[in-house]
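**Q** Protein sequences, first through last, are from chains E and R. If you're matching positions, the first sequence starts at 1 in full-length UniProt numbering and goes up one per residue. If you're matching positions, the second sequence starts at 1 in full-length UniProt numbering and goes up one per residue.
Please note that a few of the clues may not be correct.
The list makes no distinction among identical chains, and a pair is therefore deemed to hold if it is satisfied within one copy or across any two copies.
Said to hold, decoys possible - Here are the simulated lysine-lysine pairs, DSBU-like style, with alpha carbons at most 35 angstroms apart:
hint, residue 1, residue 2
1, Lys161, Lys272
2, Lys161, Lys273
3, Lys239, Lys32
4, Lys161, Lys99
These are calculated hints, taken from the structure and not from any lab test.
Number of protein chains: 2
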Amino acid sequence: MTDLRSTLATSGPIDLASRPSDDTPAFEGKKKDAQLQLPQIGEQLMQTQELLFANGRAGTTDRKVLILLQGMDTSGKGGTLRHVAGLVDPQGLKITAFKAPTEEERAQDFLWRIERQLPEPGMIGVFDRSHYEDVLIGRVRELAPADEIERRYDAINDFEKRFVDDGGVLLKCFLHISANDQKERLAERLDDPTKYWKYNPGDLDERALWPRYQEAYEVVLERCSTEHAPWHVVPAGRKWYRNWAIATMLGETLAELGLDWPAADFDVEAEKKRLATM
Amino acid sequence: MTDLRSTLATSGPIDLASRPSDDTPAFEGKKKDAQLQLPQIGEQLMQTQELLFANGRAGTTDRKVLILLQGMDTSGKGGTLRHVAGLVDPQGLKITAFKAPTEEERAQDFLWRIERQLPEPGMIGVFDRSHYEDVLIGRVRELAPADEIERRYDAINDFEKRFVDDGGVLLKCFLHISANDQKERLAERLDDPTKYWKYNPGDLDERALWPRYQEAYEVVLERCSTEHAPWHVVPAGRKWYRNWAIATMLGETLAELGLDWPAADFDVEAEKKRLATM
Numbered sequence: 001m002t003d004l005r006s007t008l009a010t011s012g013p014i015d016l017a018s019r020p021s022d023d024t025p026a027f028e029g030k031k032k033d034a035q036l037q038l039p040q041i042g043e044q045l046m047q048t049q050e051l052l053f054a055n056g057r058a059g060t061t062d063r064k065v066l067i068l069l070q071g072m073d074t075s076g077k078g079g080t081l082r083h084v085a086g087l088v089d090p091q092g093l094k095i096t097a098f099k100a101p102t103e104e105e106r107a108q109d110f111l112w113r114i115e116r117q118l119p120e121p122g123m124i125g126v127f128d129r130s131h132y133e134d135v136l137i138g139r140v141r142e143l144a145p146a147d148e149i150e151r152r153y154d155a156i157n158d159f160e161k162r163f164v165d166d167g168g169v170l171l172k173c174f175l176h177i178s179a180n181d182q183k184e185r186l187a188e189r190l191d192d193p194t195k196y197w198k199y200n201p202g203d204l205d206e207r208a209l210w211p212r213y214q215e216a217y218e219v220v221l222e223r224c225s226t227e228h229a230p231w232h233v234v235p236a237g238r239k240w241y242r243n244w245a246i247a248t249m250l251g252e253t254l255a256e257l258g259l260d261w262p263a264a265d266f267d268v269e270a271e272k273k274r275l276a277t278m
Numbered sequence: 001m002t003d004l005r006s007t008l009a010t011s012g013p014i015d016l017a018s019r020p021s022d023d024t025p026a027f028e029g030k031k032k033d034a035q036l037q038l039p040q041i042g043e044q045l046m047q048t049q050e051l052l053f054a055n056g057r058a059g060t061t062d063r064k065v066l067i068l069l070q071g072m073d074t075s076g077k078g079g080t081l082r083h084v085a086g087l088v089d090p091q092g093l094k095i096t097a098f099k100a101p102t103e104e105e106r107a108q109d110f111l112w113r114i115e116r117q118l119p120e121p122g123m124i125g126v127f128d129r130s131h132y133e134d135v136l137i138g139r140v141r142e143l144a145p146a147d148e149i150e151r152r153y154d155a156i157n158d159f160e161k162r163f164v165d166d167g168g169v170l171l172k173c174f175l176h177i178s179a180n181d182q183k184e185r186l187a188e189r190l191d192d193p194t195k196y197w198k199y200n201p202g203d204l205d206e207r208a209l210w211p212r213y214q215e216a217y218e219v220v221l222e223r224c225s226t227e228h229a230p231w232h233v234v235p236a237g238r239k240w241y242r243n244w245a246i247a248t249m250l251g252e253t254l255a256e257l258g259l260d261w262p263a264a265d266f267d268v269e270a271e272k273k274r275l276a277t278m
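Only chain E is shown next, with the shape it has when bound in the complex (with noise of 0.2 angstroms):
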């Protein structure tokens, strides 16, 4: 069976209006199989997750995984975090939803934030949105100098390396929805009130400049897709592929880690005679 995640990742220059949303690469089945076998998928990740959560306690262990989400307004980042990150033992997983920076934020430079909440060890991390923004709205509402802007590229390649280095592994994931799944998805929300709440009208301001939005995207997963750290191109125009994808892929990262359970750091029979006498 083919990686998933080389399946999905993406290298070079990329064309998003080519590539359909609704596409369903490497899943053999339809949407009730993927639905099913979601909560297997979910077995072996708590099991693989608890690997490196043991380790991350042991102290035997540098391991780490990130998944970064990015993508479009309604592309799924949330159901992601509900469908997929509520797969793993709670215990083991840290969220991160990065907002617009705050004051304080934005007096350091862009990765400053980033970086105080990357994942210790024995842990997964779940970025919703990330450093990216800084390359994306940063780029497309001119947030920052056309220079700054440049130099970020290069600053979020190399800040990524590092991560990589310490012993982190990255799972970057854009969520890839057409600007006709987002007008469908908008309108459900302005269809259905258990969802106005997801509804913000600047998501309307935003949409308005969906084609340089694409094009930040596209700068991004030419620029910043390298072997330490690939973006991964996740068709999400079907929710179900789309959990089923990132679950799969999450699955592939954590097994390769390859951990053993951590030995004892203490006497075992001693321990156990000293235990039958209390």
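Guided by the hints, dock chain R onto chain E, whose structure is given.
**A** What follows is chain R alone, placed relative to chain E:
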């Protein structure tokens, strides 16, 4: 159906030794029934939690829930996190595991580090250990002068009252096991190399003080089970009951908030028209 929280709530003096840890109050059925019910309870939790989360995001509530877990080693705080906290959307969950305080933390009032981890509106917080350690190990190991320990019970009650007055709901769960339960569980950890990482020789040093810890818990349960934040004694000798009971009480807590979906703070029809043109 009686509220499980009132069934398990404690008030007045309590004798833990006389309480069987394998009791299953208010549960009809067998282990399998409880395990089958858990995913159903999980579905309900997801729904009521989403209401809470939605209101938090919309800024329309000050409500938040804090589950506080205390218990002797092996009583199942980690298992509860995995199996109960794992039922809800991790986006709306904030878990804090309190370890021995750092030097910085020790320089402050004992509630300082706790206050910083209280959940925001819309969130479910879980404390794996808590400020109660400061009147448990703090008392047993005499980590502070007797009059300071004495002061803390009232300080805790005041602190919790402020949290409740501020829209918080506290679900304080003491995971009750017997000395024999603990012996069996520690022995299991020593017999199983996949569990060595959960074992620490220091656990036996604490076990040697079992009667003093039970007494310290009895004082806590008597003095800090208040009307605004009662303690619940959860028999935790059977893991399936512990999970069922805490999930059930969390469900009761969330349902009782009686939240509704936040109203739109924008003109729905105007937005529909705007979207249609884009």
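**Q** Hints first: check each against the structure and report whether it holds.
**A** Status of each hint after checking the structure:
no., hint, verdict
1, Lys161 x Lys272, "neither (45 angstroms within a copy, 44 angstroms between copies)"
2, Lys161 x Lys273, "neither (48 angstroms within a copy, 46 angstroms between copies)"
3, Lys239 x Lys32, "both (12 angstroms within a copy, 32 angstroms between copies)"
4, Lys161 x Lys99, "both (24 angstroms within a copy, 31 angstroms between copies)"
In this structure, the earlier hints numbered 1, 2 are contradicted, and the remaining ones agree with it.
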